Amino acid sequence: MLRLIVRRLLFIVPTLLLVSIVIFLLVEVVPGDPGRVKLGPYASAEQVAQVDHQLGFDRPLAQRYVRWLGSFLTLHWGDSWNLGVPVFSLTMQRLWSSAQLAALALVIIIPLSILLGVVAALRRDGIADRIITVTSLSLTVIPEFVSGVVLIVLFAVTIKIFPVSAVAPAGSGPFTRIYHLILPAIPLMFVELGYIARMARAGMIEALDTAYVRTATLKGLPRRRIVVTHALRNALAPTVAVIGTQIGWLVGGLVVVETLFNYPGIGKLMADSATLKDVPVLEATVLVVAAIYMLSNLAADVIVALLNPRVRFGR
Amino acid sequence: MTEDTPFQQEYADHLRHEVLNGHMTRRQLLVRASVIGLSTTAVARLLAACGSKSAGTTAPGTTQPKMGGTLRATMVSPTVAIEPTTMYDTGSIAIAQQVAEYLAWVNNDLTLRPVLAEKWSPDAAAQVWTFNLRKGVAFQDGKPFGADDVVATMNILLDPKTVSAAIASFQGILSPGGVVKVDDATVAFHLDQPNADFPYLVASTNYDCLILPSTYKLGTWQKNPVGTGPFMMTAYTPKQSATFKKNPKYWQSGMPYLDGIQVTFNEQTQAQGLALQAGSVDMMLYTPVQGSQALFTDPNVKVMTAPSTMHRELHMRVDTAPFTDKRVRQALAYSIDRPALIQALFNGKAEIADDNVFFKQYPLAPQDLPDRAQDITKAKALLTAAGMPNGVSATLFVEEYEEIAQYATLLQAMAKPAGINLKLNQVTLTYWYGSGKNQPWLQAPMGITDWTFRGVPDQYFAAFVTNGIWNSSKFSDPAFDAAVKGYLTTVDETKRREYAKTGATILMDATPAIIPYTISVNRAMRQNVQGVTSDPAEFLDLTTAYLA
Chain A
1 MLRLIVRRLL FIVPTLLLVS IVIFLLVEVV PGDPGRVKLG PYASAEQVAQ VDHQLGFDRP
61 LAQRYVRWLG SFLTLHWGDS WNLGVPVFSL TMQRLWSSAQ LAALALVIII PLSILLGVVA
121 ALRRDGIADR IITVTSLSLT VIPEFVSGVV LIVLFAVTIK IFPVSAVAPA GSGPFTRIYH
181 LILPAIPLMF VELGYIARMA RAGMIEALDT AYVRTATLKG LPRRRIVVTH ALRNALAPTV
241 AVIGTQIGWL VGGLVVVETL FNYPGIGKLM ADSATLKDVP VLEATVLVVA AIYMLSNLAA
301 DVIVALLNPR VRFGR
Chain B
1001 MTEDTPFQQE YADHLRHEVL NGHMTRRQLL VRASVIGLST TAVARLLAAC GSKSAGTTAP
1061 GTTQPKMGGT LRATMVSPTV AIEPTTMYDT GSIAIAQQVA EYLAWVNNDL TLRPVLAEKW
1121 SPDAAAQVWT FNLRKGVAFQ DGKPFGADDV VATMNILLDP KTVSAAIASF QGILSPGGVV
1181 KVDDATVAFH LDQPNADFPY LVASTNYDCL ILPSTYKLGT WQKNPVGTGP FMMTAYTPKQ
1241 SATFKKNPKY WQSGMPYLDG IQVTFNEQTQ AQGLALQAGS VDMMLYTPVQ GSQALFTDPN
1301 VKVMTAPSTM HRELHMRVDT APFTDKRVRQ ALAYSIDRPA LIQALFNGKA EIADDNVFFK
1361 QYPLAPQDLP DRAQDITKAK ALLTAAGMPN GVSATLFVEE YEEIAQYATL LQAMAKPAGI
1421 NLKLNQVTLT YWYGSGKNQP WLQAPMGITD WTFRGVPDQY FAAFVTNGIW NSSKFSDPAF
1481 DAAVKGYLTT VDETKRREYA KTGATILMDA TPAIIPYTIS VNRAMRQNVQ GVTSDPAEFL
1541 DLTTAYLA
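Chains as they are written, first to last, in the working numbering: chain A, 1 to 315; chain B, 1001 to 1548.
For reference, chain A alone in the conformation it holds in the complex (with noise of 0.2 Å):
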């Protein structure tokens, strides 16, 4: 088991290194040039050739990478080429802004999702199935943009409920954080009940199915007790594994929920650096989340290797 932790994380670092490349490349592809963003459209080519010397991306490809790839494992991580302000710092705190969203959106949701999931297994093909099915579908197909905006039109602009602005005012404690936080969380919640629950519901009709289940029934135990203490642990295996990918993207994937409840997340903040070529800031941020996906599938590989010693043992 430790063994298997320790490869999966020393393949991180191999992986880190080959996104890194690519970012670079793509960052070449892309049109468009620091000194233009820093100078606007009415600058001279010649100033603009001065500023992109200034920040030395007039450099050959490999110096450049090779520069920033030691600045960055040293942790001198530089400034952002765009806002003036350490990437670091910036980095961190747009990752901590999104992480409380996530995290609010998974402690509600994982609960629900499988409660949902179960309950669609336990009464399968009855009433409480097909709503359970047919709605979390619609709703995870539903764009964020699409249910943010009718969420923010009805419960924070008709019906006062929620707050406009996902941010909390400076020094609020965690309840005002987490209340301006629910509306912002809901399209999240809508996109993974479908994936969720689903998962959940099917791991449960095969766990159900098995014939260790049908030895409990019919040796009498209580139908509740054979769902909870022994289905219910297999058939949370490939539920737990889809949240594990679910998790990166719900740290960094969330441009869209970010721009239209303007939440200061670490998505946007690489999708704006991608655009206007903050190549500090666009390196740290993608590597960041890359290394948060990795590092959520591992532990969700290890949560599933616990539940199933199959796993653990590799058989």
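Check before you lean on any hint, since a few could be wrong.
Below are the DSSO-like pairs computed for lysine-lysine, each with C-alpha atoms no more than 30 Å apart in a straight line [unchecked claim]:
| id | chain 1 | residue 1 | chain 2 | residue 2 |
| --- | --- | --- | --- | --- |
| 1 | B | K1302 | A | K160 |
| 2 | B | K1066 | B | K1302 |
| 3 | B | K1066 | A | K160 |
| 4 | B | K1380 | B | K1423 |
| 5 | B | K1135 | B | K1066 |
| 6 | B | K1380 | B | K1501 |
Honestly, the hints are just simulated from the structure, not real lab data.
Fair warning: this is a prediction, and the values are worked out from it, not measured in the lab.
Place chain B on chain A using the hints.
This is chain B only, laid out in the frame that chain A set:
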């Protein structure tokens, strides 16, 4: 010095004749008087002599301003770190303008309001402009304001190493060393050639010219915001928020009325509008018509409007087929139904323009040239005369910005019956403005570019003069160059108006670019916000703002 120079007195007389002869309206008189720097007494005398019933401006507010309160505003975020000498985007400009000030401010009616300069006057040739600075003004850190600061700021802007876009505005007009301190409260600008509109180039319309202390170091403004303005920036988080508090030692006594401003940045117009409707902000900096329809009908929100010369220039390269023949370009111009376009794109909140940059709002622009109405028959005839009876095809580059994509689609539909088949190629702003030597907006055969408001048409000429730095159409006509030169260097109003008419006529005839409308700038705010108007350049002046 409050007395007018002999030249100014002579000029005032000349203006009086213009009005009495019916060549100039009272409004145009006020603009020209303010540019030349006539004292308020002289202006009042002029208005009385012209037989005006009411002298002076009407007071905008009817209620007594209420002191105190914090105004919550929302606007797009500054795109880069805020540096006043190189800034170009709406967000940076709005933030910097709360803290620092210009020598003069361009009002919505195009008159100049003295700010850090109290008065100015040209010599007889309008080649040396002397500015008298306001006394008793200090920067927010306590340093007294004087001529040294003006000279230092101007030298920073004129220095090529600063990479300020202001250099382009001053090209051929003012060079380094041309700004001279006469005494602590007087600065003289020695121009390379006469320029009758010079004060506009050191006013708000040349937005990089905020006056900074002589000790200012480039690149330090965001951490240490300096200026003489009504508000001090106490906190700034990039892409998130900015906090301002009132400058207690502001030189306009009794102002500002507000205790502070809280700015929240938001990239999306729709999201800004929703916040305004919900009451979590008090005003939006800029409200484009597209996407804000709900605000115009919300009873809690009022939308202020300012007519502007903000426009979209559709250039056609005169050196590239099929637009080498001016008749083809004219054909496209005649295929457009301008009133319908304005109604569809702006719900009527725009003005018709006629393919030239001497917009009717400018006091010296010709007012009597006929508008170009849609005439498909004429368009077809022009194409036939140009040797293309079966029509032409071209690719139109469309930048992704506000209503431009919809404009292009409507244009495509309007041009088709005339035989002009346009293929649309939509590109991002980053692509369009390009990088290095590759700047598509200056090289593409046919494209639409957005142009912001300018207090005088002078800054638009670079798009049409021979080898002009912003000349996308590669238009070159010595007659036009001569008309522009005459317009810029002559002081005589009558002659300037003739040059303007010549220039406008040449552009309309040659049609290197299609400019069908000028947009009015809207600003939405809650009903209780007073003392704030919209601004043709989207600038924000909160000196007289208060919350009722």
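Here is what the structure says about each hint:
no.	hint	result
1	K1302/B - K160/A	21 Å, holds
2	K1066/B - K1302/B	19 Å, holds
3	K1066/B - K160/A	28 Å, holds
4	K1380/B - K1423/B	19 Å, holds
5	K1135/B - K1066/B	28 Å, holds
6	K1380/B - K1501/B	28 Å, holds
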